[in-house]
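J.: Take the sequences, apply the hints, and build the full model.
2 protein chains.
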Amino acid sequence: MENKIITISREFGSGGRYIGRLVAEKLGIPFYDKELIAKVAEKSGLAEEFVEKKGEYSPSKSMFAYGFVVRNNMGESLEDYLHSIQRKIILELAEQESCVIIGRCADYILKDHPKRLNVFIYSTPEDKIQRIQEYLGGNSEVEAKRMMRDMDKKRRINYNYYTDRKWGDVRHYSLALNSDELGLDRCVDLIVNAAEAL
Amino acid sequence: MENKIITISREFGSGGRYIGRLVAEKLGIPFYDKELIAKVAEKSGLAEEFVEKKGEYSPSKSMFAYGFVVRNNMGESLEDYLHSIQRKIILELAEQESCVIIGRCADYILKDHPKRLNVFIYSTPEDKIQRIQEYLGGNSEVEAKRMMRDMDKKRRINYNYYTDRKWGDVRHYSLALNSDELGLDRCVDLIVNAAEAL
Chain A
527 MENKIITISR EFGSGGRYIG RLVAEKLGIP FYDKELIAKV AEKSGLAEEF VEKKGEYSPS
587 KSMFAYGFVV RNNMGESLED YLHSIQRKII LELAEQESCV IIGRCADYIL KDHPKRLNVF
647 IYSTPEDKIQ RIQEYLGGNS EVEAKRMMRD MDKKRRINYN YYTDRKWGDV RHYSLALNSD
707 ELGLDRCVDL IVNAAEAL
Chain B
527 MENKIITISR EFGSGGRYIG RLVAEKLGIP FYDKELIAKV AEKSGLAEEF VEKKGEYSPS
587 KSMFAYGFVV RNNMGESLED YLHSIQRKII LELAEQESCV IIGRCADYIL KDHPKRLNVF
647 IYSTPEDKIQ RIQEYLGGNS EVEAKRMMRD MDKKRRINYN YYTDRKWGDV RHYSLALNSD
707 ELGLDRCVDL IVNAAEAL
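Respectively, the protein sequence lines represent chains A and B.
For the first sequence, the residue numbers in the numbering used here are 527 to 724.
For the second sequence, the residue numbers in the numbering used here are 527 to 724.
Quick caveat, the hints were computed from the structure, so don't treat them as lab data.
Source: prediction; values computed, not measured.
Among the clues, some could well be false.
Which copy? The list can't say, so a pair holds if one copy fits it or any two copies do.
Stated by the list, open to error - Cut-off 30 Å, straight-line C-alpha distance, at most; resulting in silico cross-link-like pairs (DSS-like, lysine-lysine): (1) 614 <-> 679; (2) 614 <-> 671; (3) 679 <-> 692; (4) 671 <-> 552; (5) 671 <-> 569.
T.: In structure tokens:
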């Protein structure tokens, strides 16, 4: 039997990570978000901090910045090297076991996997700002708004750079859920139900 | 208790109408798609054929065409008049009863309704082309492809014209489902489940 893979792309502050963790618990399968970082760091020899910082948030699109990027003797930037290791680990995980993977272009990397469900979680700005203030280190509304814009922008640039897709374009996903309107627990239910289709 | 309204926007050939009808049956509430046409025709005095043709597929965006449009003594085009009647009837329906409404900018018209679930149904081109050939009058693959492009283009223009939104932008919906990956019956289940959140 093929492993079932659930990939979850999410807007920053939408509760996607929380939803993904509960989906994994309900299905009794492993959950990979920050759990991937240690694996990638070990295999790549890169520091965990670098992997965390750049795993979903690189490269800059600026042509000016291009010339300043450190490259290895293959002409590959550190970010591209990190992405290629991350990609290999995601493909290996999907071979080994059913699991839930958060972000990191996993929906694209596993696009040919026969049993994958690609989920996109989004929410209203008000809801995200509140969650960022409560749980994600936004100390004020202004700071939370800045983080919301900044993190999604970086994720979008990273995704669009490493795939031929547009981040958040619904047509690349199996289902997309508004976590504010539906509530986090309802989203978990719907994804678990949808996963039965695999 | 407030009425529950489920609006379904759909790509042509995605099976959205079929899904909507089954959702209405499962919830035991009325279903409005072509059923709206007779109501709008009666109230507006316009022919049913005109209402069917223009209710979701007008106006043309061409500035050249603008000068050739028939207008009433309010300076309103027939299409705008039709849209305003259609809008009133959708608002009245939502006041009267719980129901499922297909297309016709109902998601936007009812955006302030306290208990509404806005659904977007989409699918892969291959799946839509096959369905258009089987059920929607596409006599050949070429004809089906032309219909798929043409109908969605008209729906998009109509929606973008009468709302301040972008048709198919996931952020305006409560949930969006890929009917090819999930299957039509699974989509019905997921919508019925999500409707419990209302």
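J.: Could you work out which of the previously given hints the structure breaks and list their numbers from low to high?
T.: Checked against the structure, the hints that fail are numbers 2, 4 and 5, while the rest are satisfied.
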